[in-house]
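Based on the provided sequences and hints, a complete structural model is requested.
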Amino acid sequence: MSDPSTRVAAQLRPHLHLLSVHRYPTIHQLQLEQAFLYLRDAPSIVKSVAPMYWSYVSTPEDGSIRLEWLSQDKADAYPSDGYVWADPESTYRHEYAGYTIELRMHQLGYIPGHEHVTKHARTRYHIVAKNPVLNAQMPDPSLWIVHYHPVDPSRFLSVAQIPMMPHVGQILSQRRWLESQGRLEQEKFMLHDREKWPSVNLPGAPNMQQGVYAANQMGAMQIPNNRFQQPPFPQQAGGPPNKRPRTQGPGVHPAPGVVEMVHQGATIEDEENTSYGDYFDHLTPRDISLARYMQHHRWIEEVFSSPYATSQIVPPDLGLGLMGELKKLTDGILAPPSIDLSERDDKRPAKPEEAKAFTNLKKEQVDEFSQRVDKHLQEGQAELEKMKAEHAEKLRSWKSLSSLAQADQKLRLATWSGHTNAVPTFRFEQVEKQTSKHTVEEIQKDVEDLLGVKVKKYDDATLIARGGLRDRR
1 MSDPSTRVAA
11 QLRPHLHLLS
21 VHRYPTIHQL
31 QLEQAFLYLR
41 DAPSIVKSVA
51 PMYWSYVSTP
61 EDGSIRLEWL
71 SQDKADAYPS
81 DGYVWADPES
91 TYRHEYAGYT
101 IELRMHQLGY
111 IPGHEHVTKH
121 ARTRYHIVAK
131 NPVLNAQMPD
141 PSLWIVHYHP
151 VDPSRFLSVA
161 QIPMMPHVGQ
171 ILSQRRWLES
181 QGRLEQEKFM
191 LHDREKWPSV
201 NLPGAPNMQQ
211 GVYAANQMGA
221 MQIPNNRFQQ
231 PPFPQQAGGP
241 PNKRPRTQGP
251 GVHPAPGVVE
261 MVHQGATIED
271 EENTSYGDYF
281 DHLTPRDISL
291 ARYMQHHRWI
301 EEVFSSPYAT
311 SQIVPPDLGL
321 GLMGELKKLT
331 DGILAPPSID
341 LSERDDKRPA
351 KPEEAKAFTN
361 LKKEQVDEFS
371 QRVDKHLQEG
381 QAELEKMKAE
391 HAEKLRSWKS
401 LSSLAQADQK
411 LRLATWSGHT
421 NAVPTFRFEQ
431 VEKQTSKHTV
441 EEIQKDVEDL
451 LGVKVKKYDD
461 ATLIARGGLR
471 DRR
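Quick note: the sequence shown uses the UniProt record's numbering, first residue 1, plus one each step.
Derived from the structure by calculation, the hints contain no laboratory data.
Any given hint could turn out to be false.
[Stated by the list, open to error] DSS-like cross-link-like pairs, simulated, lysine-lysine; straight-line CA separation at most 25 Å: (1) Lys328 to Lys362; (2) Lys456 to Lys399; (3) Lys394 to Lys445; (4) Lys327 to Lys375; (5) Lys454 to Lys399; (6) Lys445 to Lys410; (7) Lys375 to Lys328; (8) Lys437 to Lys457; (9) Lys410 to Lys456; (10) Lys375 to Lys388; (11) Lys445 to Lys456; (12) Lys363 to Lys328; (13) Lys47 to Lys188; (14) Lys386 to Lys399; (15) Lys388 to Lys399; (16) Lys47 to Lys74; (17) Lys437 to Lys410; (18) Lys388 to Lys437; (19) Lys363 to Lys375; (20) Lys327 to Lys362.
As the structure is a prediction and not an experimental result, all values here were calculated from the model.
Here it is, written out as structure tokens:
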């Protein structure tokens with residue numbers, strides 16, 4: 001058994017998709033080279049990176065990209081996706097990098113009962129052949145990159161001009177009935193692991209035949225026109241859900257069961273699954289440049305399509321005025337940003353103020369601003385000089401204290417005049433022969449020069465009378 005779709009009930013095959021949980025960025029214009037890179041990496045993704053799962057697909061958003069597996073025998077019959085396609089699927093082939101890439105495209109799609117013009121398109125890509133000269137492995141042709149994208153507004157077509165074909169109404173009726181039977185169990189599996197391929201059956205299988213027969217009868221009774229009505233499609237939860245669900249049309253409210261079904265499937269793990277990277281991990285410099293280029297053209301078009309003359313278009317006031325300590329520089333010349341922090345008695349939000357038009361400054365205001373800046377710089381320079389002087393004074397004080405500490409160390413081993421004739425003294429800290437060469441008189445003179453003071457001799461004992469003492473000879 002080489003086809004996982006053989007384990008899917010026959011009634012579900014026209015409506016179920018075998019999708020990969022691998023996420024792709026939202027791109028409104030997918031280039032052929034980017035699609036080729038996705039197809040080239042697809043075999044390794046389904047083999048060792050991301051599992052697959054069976055699920056319904058309901059009106060994907062424009063710009064969404066999916067990696068899907070389709071049986072080669074049924075590649076022409078793409079499962080239903082919630083859209084009605086008014087044009088036949090066109091097929092194109094391109095040679096790129098030694099591979100033959102096949103494109104199948106629908107360009108007239110709409111959501112029945114919600115949209116009045118065809119503004120959706122779908123393009124799916126897969127590799128069908130490889131140049132024999134190319135020394136590379138042939139990618140799996142059953143892996144498709146499916147891209148939903150918007151249609152150019154010039155190609156919009158009114159739904160009123162498109163008849164609803166009977167087989168389309170039958171498919172929609174079958175799809176609506178199948179979804180009403182309940183939510184399918186989502187079993188994820190690796191594509192190469194055949195033992196883990198799940199068997200997908202519809203809940204309530206005993207009543208399946210009778211229900212499908214009733215759905216077929218309803219589809220056959222539909223009038224082939226564009227007035228086919230149906231309730232909103234339920235968003236089946238399968239695979240990573242979109243973070244911004246599609247907004248319902250005005251006046252349309254989904255059924256309670258539909259909302260409950262959506263919330264049951266959207267788990268926190270799927271919403272915050274970033275194991276394969278986020279949107280910015282897949283952006284290329286070319287995508288960013290293209291988006292910037294298109295945005296600039298939109299802005300230029302807005303300017304030139306304005307009913308006002310270019311001379312009448314003035315920018316709003318940018319609020320370049322300064323606040324806080326520098327407020328005095330721009331006070332009365334440039335208005336600061338308007339921030340209303342006052343407390344309001346009522347709970348109603350403050351009414352936004354209109355942006356004031358920008359006005360050119362007068363020459364007197366510019367001169368006044370320059371004078372204020374010069375004065376501010378001079379005051380800052382004077383304050384800086386004052387800080388330098390205080391710092392130098394502190395350094396001198398620290399230097400004096402250091403010199404006094406050194407002098408204290410020298411005095412411990414210093415000698416005095418006539419030291420050689422004195423009786424030898426014994427010191428505990430060192431022997432006599434290592435006595436310092438500095439004398440007390442020299443150290444005293446250095447301290448007096450450093451501090452600018454006169455050092456006086458201080459005696460612990462004062463001689464009152466000599467008595468009978470004799471001078472030593």
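To see whether the hints hold, each was checked on the structure:
no., hint, in the structure
1, Lys328 to Lys362, "holds, 18 Å"
2, Lys456 to Lys399, "holds, 23 Å"
3, Lys394 to Lys445, "holds, 24 Å"
4, Lys327 to Lys375, "holds, 14 Å"
5, Lys454 to Lys399, "holds, 19 Å"
6, Lys445 to Lys410, "holds, 13 Å"
7, Lys375 to Lys328, "holds, 11 Å"
8, Lys437 to Lys457, "holds, 21 Å"
9, Lys410 to Lys456, "holds, 18 Å"
10, Lys375 to Lys388, "holds, 20 Å"
11, Lys445 to Lys456, "holds, 11 Å"
12, Lys363 to Lys328, "holds, 19 Å"
13, Lys47 to Lys188, "holds, 13 Å"
14, Lys386 to Lys399, "holds, 20 Å"
15, Lys388 to Lys399, "holds, 16 Å"
16, Lys47 to Lys74, "holds, 22 Å"
17, Lys437 to Lys410, "holds, 9 Å"
18, Lys388 to Lys437, "violated, 39 Å"
19, Lys363 to Lys375, "holds, 18 Å"
20, Lys327 to Lys362, "holds, 19 Å"
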